[in-house]
Amino acid sequence: MKKILAILMAGVLTATAFAGCGEGASNTGSDSGSGSSQGSQAAGIDSAVVDYKYFGEEDNVKLKVWAPDAAVSLIKQQIEEFKKTYSEKTFDITVIAQGESDAATQMLNDASVAADVFGLPSDQLNKLVDAGVIAPVAKGFVDYVTSSNSEDTIKAGTLKNSKGEDTLYAYPETNDNGYYLVYDNTVVTAEDAKTLEGTLEACKKANKKFIFDAGDGFYACTFAFTGGVKIDGLEDGITQKFVDYDEDEAVKTLQAFARLIKKYKGTFTSLNVKNVASGFANGTCGAGVDGSWDTAVNMKSLGDKFGAAKLPTINVDGEDKQLVSMFGYKYIGVNGSSKYPASAQILALYLAGEDCQKQRTEELGWGPSNINVQKDPIVTESAVLNAIKDQSLNSCTQVNIASTFWTPMGNLGNKLVADEWDPEDTAATKKLLQDTITNIRDEG
Amino acid sequence: MIKSYKLRRIVSNTLIYALLIILGIIWISPFVYLVMHSFRAEGLIAVDYLVPREWTFQNYIDLFTGAGGSASINFPKWFLNTLIVAIFSCIIATVSVLMVSYAFSRLRFKSRKKFMNVGMILGMFPGFMTMIAIYYLLKAMNLTGTLVALVICYSCGAGLGFQISKGFFDTVPRALDEAATIDGATKNQIFWKIILPMSKPIVVYTVLTSFIGPWTDFILAKIIMGDNIEYYTVAIGLQKMLSNDFINTYYKQFLAGSVIVAVPITLLFLKMQKYYVEGVTAGGVKG
Numbered sequence: 001m002k003k004i005l006a007i008l009m010a011g012v013l014t015a016t017a018f019a020g021c022g023e024g025a026s027n028t029g030s031d032s033g034s035g036s037s038q039g040s041q042a043a044g045i046d047s048a049v050v051d052y053k054y055f056g057e058e059d060n061v062k063l064k065v066w067a068p069d070a071a072v073s074l075i076k077q078q079i080e081e082f083k084k085t086y087s088e089k090t091f092d093i094t095v096i097a098q099g100e101s102d103a104a105t106q107m108l109n110d111a112s113v114a115a116d117v118f119g120l121p122s123d124q125l126n127k128l129v130d131a132g133v134i135a136p137v138a139k140g141f142v143d144y145v146t147s148s149n150s151e152d153t154i155k156a157g158t159l160k161n162s163k164g165e166d167t168l169y170a171y172p173e174t175n176d177n178g179y180y181l182v183y184d185n186t187v188v189t190a191e192d193a194k195t196l197e198g199t200l201e202a203c204k205k206a207n208k209k210f211i212f213d214a215g216d217g218f219y220a221c222t223f224a225f226t227g228g229v230k231i232d233g234l235e236d237g238i239t240q241k242f243v244d245y246d247e248d249e250a251v252k253t254l255q256a257f258a259r260l261i262k263k264y265k266g267t268f269t270s271l272n273v274k275n276v277a278s279g280f281a282n283g284t285c286g287a288g289v290d291g292s293w294d295t296a297v298n299m300k301s302l303g304d305k306f307g308a309a310k311l312p313t314i315n316v317d318g319e320d321k322q323l324v325s326m327f328g329y330k331y332i333g334v335n336g337s338s339k340y341p342a343s344a345q346i347l348a349l350y351l352a353g354e355d356c357q358k359q360r361t362e363e364l365g366w367g368p369s370n371i372n373v374q375k376d377p378i379v380t381e382s383a384v385l386n387a388i389k390d391q392s393l394n395s396c397t398q399v400n401i402a403s404t405f406w407t408p409m410g411n412l413g414n415k416l417v418a419d420e421w422d423p424e425d426t427a428a429t430k431k432l433l434q435d436t437i438t439n440i441r442d443e444g
Numbered sequence: 445m446i447k448s449y450k451l452r453r454i455v456s457n458t459l460i461y462a463l464l465i466i467l468g469i470i471w472i473s474p475f476v477y478l479v480m481h482s483f484r485a486e487g488l489i490a491v492d493y494l495v496p497r498e499w500t501f502q503n504y505i506d507l508f509t510g511a512g513g514s515a516s517i518n519f520p521k522w523f524l525n526t527l528i529v530a531i532f533s534c535i536i537a538t539v540s541v542l543m544v545s546y547a548f549s550r551l552r553f554k555s556r557k558k559f560m561n562v563g564m565i566l567g568m569f570p571g572f573m574t575m576i577a578i579y580y581l582l583k584a585m586n587l588t589g590t591l592v593a594l595v596i597c598y599s600c601g602a603g604l605g606f607q608i609s610k611g612f613f614d615t616v617p618r619a620l621d622e623a624a625t626i627d628g629a630t631k632n633q634i635f636w637k638i639i640l641p642m643s644k645p646i647v648v649y650t651v652l653t654s655f656i657g658p659w660t661d662f663i664l665a666k667i668i669m670g671d672n673i674e675y676y677t678v679a680i681g682l683q684k685m686l687s688n689d690f691i692n693t694y695y696k697q698f699l700a701g702s703v704i705v706a707v708p709i710t711l712l713f714l715k716m717q718k719y720y721v722e723g724v725t726a727g728g729v730k731g
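Order-wise, the sequence lines are chains A and B. Position one of the first sequence corresponds to residue 1 (the numbering used here), numbered consecutively onward. Position one of the second sequence corresponds to residue 445 (the numbering used here), numbered consecutively onward.
Hint data in this document are derived by calculation from the structure and do not stem from the laboratory. Since we're looking at a predicted model, the values are computed, not measured. Keep in mind that the hints are not guaranteed to be accurate.
[To be verified] For the chain A half of the interface with chain B, some residues (derived, Cβ under 7 Å), not all of them: (1) A97; (2) S101; (3) S278; (4) V297.
[To be verified] If you want the footprint, here are the derived chain A segments under chain B, 3+ residues with CB under 8 Å: (5) 68-77; (6) 102-109; (7) 113-127.
[As the list claims (entries may be wrong)] Here are the simulated lysine-lysine pairs, PhoX-like style, with alpha carbons at most 25 Å apart: (8) A:K265 - A:K430; (9) A:K263 - A:K415; (10) A:K262 - A:K204; (11) A:K415 - A:K430; (12) B:K554 - A:K62; (13) A:K83 - A:K64; (14) A:K64 - B:K666; (15) A:K358 - A:K76; (16) B:K521 - A:K64; (17) A:K204 - A:K194; (18) A:K300 - A:K194; (19) A:K321 - A:K241; (20) A:K62 - A:K339; (21) B:K521 - A:K76; (22) B:K521 - A:K127.
Glycine included, each C-beta is placed from N, C-alpha and C at the ideal position.
Go ahead and model the full structure; you've got the sequences and the hints to work with.
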C-alpha cells in the first residue's frame with residue numbers, strides 16, 4: 001500500500017513539473033505571435049495617449065512595473081491617471097521598487113516573472129537585446145517616440161536586432177544619467193569649482209574632504225577619458241573599441257591627476273559616492289563628484305549651501321583640460337515575454353510621455369529626454385540639470401560598453417590614488433595605461 | 445631558561461592570555477562596532493571612527509515604525525516572515541533529521557550503508573549548486589515568491605544532515621533498546637520514549653542549527669523571492685537596505701536590524717542551553 005502511494009505521489013510530482021513546462025512553452029509561443037501581429041499594424045501616433053485599437057483584444061490587463069524606490073509613489077499616481085485615460089479597459093497594475101542598476105540582472109534571471117514595464121540605464125540595453133528578453137518599441141510608436149525625444153537618447157537606444165536592422169529598443173525616459181561636481185558653497189566658490197586645483201585648494205583650506213570614487217570604473221574612467229582615451233563602441237559585439245588617441249598626451253594627463261592627488265593627500269579621498277551626502281551631513285566633506293541619483297539627498301544634507309557645477313578642469317602642462325565623464329540615459333523597457341504585450345507598450349509609451357516626464361522633473365528632479373520638457377523653465381533654470389547638461393557635452397555615452405571595461409578602469413583609478421604611486425614615473429604610468437587597455441580589450 | 449616552576453607558569457600564562465586577548469578583541473570588534481553604531485545619531489552611512497558622537501535609540505524606533513519614508517522597506521513584516529519560516533522549518537527539519545539518524549543508527553535494513561553513502565555524497569555538494577533547478581521546480585508548482593517555498597527548501601533536504609545525530613545515537617547503549625524491546629516496546633516507541641529523552645543535547649543542537657538557517661540564508665531566499673519584497677526574509681531585506689536606492693536613508697537602520705536579528709536566536713539559545721548539560725546518557729544502564 002505504502003509503495004503504491006509513494007509511486008503515485010512521485011507520479012503526481014513529475015506531472016506537475018511537466019504541466020508547468022508545458023504552460024510556459026505555450027505562453028512564449030502566443031506571446032511572440034501577438035508581438036509580431038502588433039508590429040504589422042504600423043499606423044503612427046501623435047501623442048503619448050493612443051487609440052483603443054492599439055490594445056488589440058487585450059482586456060483585464062495585469063501588469064507589473066519596476067521603478068526605482070524614489071519614483072514609486074509618483075509612478076503609482078501616474079498609473080492611476082493612465083487607468084482614467086483608458087477607462088474602457090480594466091487594469092491591475094502593481095508597482096514594485098526595483099533599482100535600475102539591477103534591472104538587467106533581474107530580467108536575465110527569469111524574464112517570465114520579471115516586470116512587464118521597467119526602468120533601465122542605457123548600458124544595460126545591449127545585454128537585454130542579446131538575450132532577447134526586451135521587446136522593441138512597437139512599430140506604430142517609433143516615429144512619435146523618435147520625434148519627441150532628444151536625438152542622443154534615440155541614438156543610444158537604437159541597437160541592431162538579430163537580423164542586423166537598427167531597432168529602437170526602449171522608450172527614452174531621462175537625459176541625466178551622469179555625475180557632476182557637487183559642493184558646499186560655503187567652502188568652495190563657483191569660481192573655485194571651475195578648476196580641480198581650485199576646488200581641492202578650497203577644500204584643503206577648510207580642512208574638508210573632496211570625495212571621488214576612484215576605485216569604481218564608472219567614475220575612474222574620467223581619468224582616461226580626460227586624457228583622450230575615449231571609448232568608441234564595440235568590435236564584433238564584445239571587444240571594447242577606443243578612439244585613436246595620443247598616448248603621450250594621455251600619460252601626461254594621468255600624471256597630472258596623480259600629482260594633484262599626491263599634493264592634496266588627505267583632501268582628495270577615494271570613497272564610495274554614498275559618502276558624499278553623509279560627509280555633507282556631518283560637515284566633513286567640502287565637495288565631491290556624485291550623480292543625479294543622489295541629487296535629492298545631497299540637497300537635503302546641504303540645504304542652502306548646495307552648489308552644483310559641471311566637472312572642473314585640470315591643468316596639464318599649462319593647459320586647462322575639461323574633465324570628461326561617462327554619461328548615459330535612462331529608458332523604459334518592455335519585457336519581451338509580457339503576457340499583455342500591447343498594453344505594456346502603451347503603458348511604457350504613456351510613462352515615457354511628455355506629461356509624465358514633466359511631473360518627474362518637477363517632483364524628482366530628473367532630467368527629461370523629451371524635447372518639449374527640455375525647453376521648460378523648470379529644466380533650463382535648474383542648477384543641477386544645467387550642470388548635468390554642461391557635463392554631458394564633455395562625455396562619452398554609456399552605451400555599448402564591454403563587461404570587461406569597469407574593473408580595469410577601477411584598477412587604474414586605485415593605482416593613481418595609492419600612496420606608493422609615483423606621479424613622476426612616466427614609464428610606469430605608460431605601462432599602467434597600456435595594461436588597462438589590454439585588460440579591457442581582454443587581449444592579455 | 446627559567447628554573448622556577450611558578451615563574452615559568454606565570455610567564456607562559458601571560459603569553460597565552462595576551463594572545464587570547466588579542467584574538468578576542470579581533471573577533472569581537474565587528475560586533476562592538478555594529479552595536480555601537482546602531483545607536484549612532486549623526487551621519488548617514490559608515491563613518492571612520494568607532495565611538496558615535498551622539499547616541500540615540502531612534503534607529504530602532506524608525507526600523508519598527510517604518511519612518512524611513514519608503515513603503516518598500518518593512519522590517520517588522522520581514523521579521524515576522526523569517527520567524528514563521530524559521531519555526532516551521534525548525535520543527536520539520538528537527539523531526540526529520542532525528543528520525544533519519546535513528547533509523548540509520550538502530551535499524552538494520554538492506555542497502556543501509558548505500559543509503560548512508562548516497563546521503564553523504566549528496567550532502568557534500570554545495571547547496572547553491574541546485575538552486576536554479578529548485579527555482580524552476582518551484583515555479584512549475586507555482587510556489588515561487590511564497591514562504592511555503594522557503595519552508596520546503598529549508599526543511600526537506602534536512603534529513604541529509606544526519607551524520608552528527610547518528611553519531612550521537614550510536615553512543616547511546618543498545619542495551620537500553622534491548623531492555624525496552626523485552627518490555628514490549630516497538631521501534632517507534634523506543635525512539636520517542638527512550639532515545640529522544642536521553643538525547644537532549646543533540647535535539648537542542650538540531651533545533652538551533654535548523655532555526656538559525658532561515659535567518660542567515662541569503663542566496664536561496666533571494667532567488668526564490670525575486671521582487672516579491674513583501675515576503676522577504678530579514679537576510680535579503682537587510683541587504684535591500686544597503687542597495688543604492690536605500691543606503692543613504694537606511695544604513696543606520698540596517699545596523700539596528702542586524703542587532704535585532706540576533707535576539708530570537710539568542711533567546712532560543714539561552715532557553716535551551718541548560719539541556720546541553722542535562723541530557724547525560726551515562727548511568728542509564730546499570731550493572
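Against the structure, the hints come out as follows:
The beta carbon of A97 of chain A is positioned within 7 Å of a beta carbon in chain B (closest approach about 4 Å), and the interface hint is therefore held. Against a cut-off of 7 Å between C-beta atoms, the interface hint on S101 of chain A holds, since the closest Cβ of chain B lies about 6 Å away. Hint status for S278 of chain A relative to chain B: holds, with the closest Cβ pair at about 4 Å, below 7 Å. Taken as an interface hint, V297 of chain A checks out: its beta carbon lies about 5 Å from the nearest beta carbon of chain B, inside 7 Å.
Counting residues of the stretch 68-77 of chain A whose beta carbon lies closer than 8 Å to any beta carbon of chain B gives 5, which meets the minimum of three for the stated coverage. Counting residues of the stretch 102-109 of chain A whose CB lies closer than 8 Å to any CB of chain B gives 3, which reaches the minimum of 3, so the coverage claim holds. Residues of the stretch 113-127 of chain A with a Cβ under 8 Å from some Cβ of chain B number 3, which satisfies the need for three, so the listed coverage holds. Restraint check for K265 of chain A and K430 of chain A: the C-alpha separation of about 23 Å stays at or below 25 Å, so the hint holds.
A threshold of 25 Å between alpha carbons decides the hint, and for K263 of chain A with K415 of chain A the separation of about 16 Å falls inside it, so the pair holds. Annotation: proposed proximity of K262 of chain A to K204 of chain A holds, straight-line Cα distance about 13 Å (limit 25 Å). With a C-alpha separation of about 13 Å, the suggested pairing of K415 of chain A with K430 of chain A holds against the 25 Å cut-off. Restraint check: the Cα-Cα separation between K554 of chain B and K62 of chain A comes to about 54 Å, which exceeds 25 Å; the hinted pair is violated.
Of the supplied pair hints, the one linking K83 of chain A and K64 of chain A holds, its CA atoms being roughly 14 Å apart against a limit of 25 Å. The hinted pair formed by K64 of chain A and K666 of chain B meets the criterion: a straight-line CA distance of about 19 Å does not exceed 25 Å. Distance restraint check for K358 of chain A and K76 of chain A: the Cα-Cα separation of roughly 15 Å lies within the 25 Å cut-off, and the hinted pair is therefore satisfied. Using a Cα cut-off of 25 Å, the hinted pair K521 of chain B and K64 of chain A holds, with the two alpha carbons roughly 22 Å apart.
Between K204 of chain A and K194 of chain A the alpha-carbon distance is near 16 Å, which keeps this suggested pair within the 25 Å criterion. Taken as a hint, the K300 of chain A and K194 of chain A pair is honoured in the structure, with Cα atoms around 24 Å apart against an allowance of 25 Å. Annotation: proposed proximity of K321 of chain A to K241 of chain A holds, straight-line Cα distance about 23 Å (limit 25 Å). Distance check on the hinted pair: K62 of chain A and K339 of chain A sit about 8 Å apart at the alpha-carbon level, within 25 Å; holds.
About 22 Å separates the Cα atoms of K521 of chain B and K76 of chain A, which keeps this hinted pair within 25 Å; it holds. Pair hint K521 of chain B plus K127 of chain A does not hold up; C-alpha atoms about 35 Å apart against a cutoff of 25 Å.
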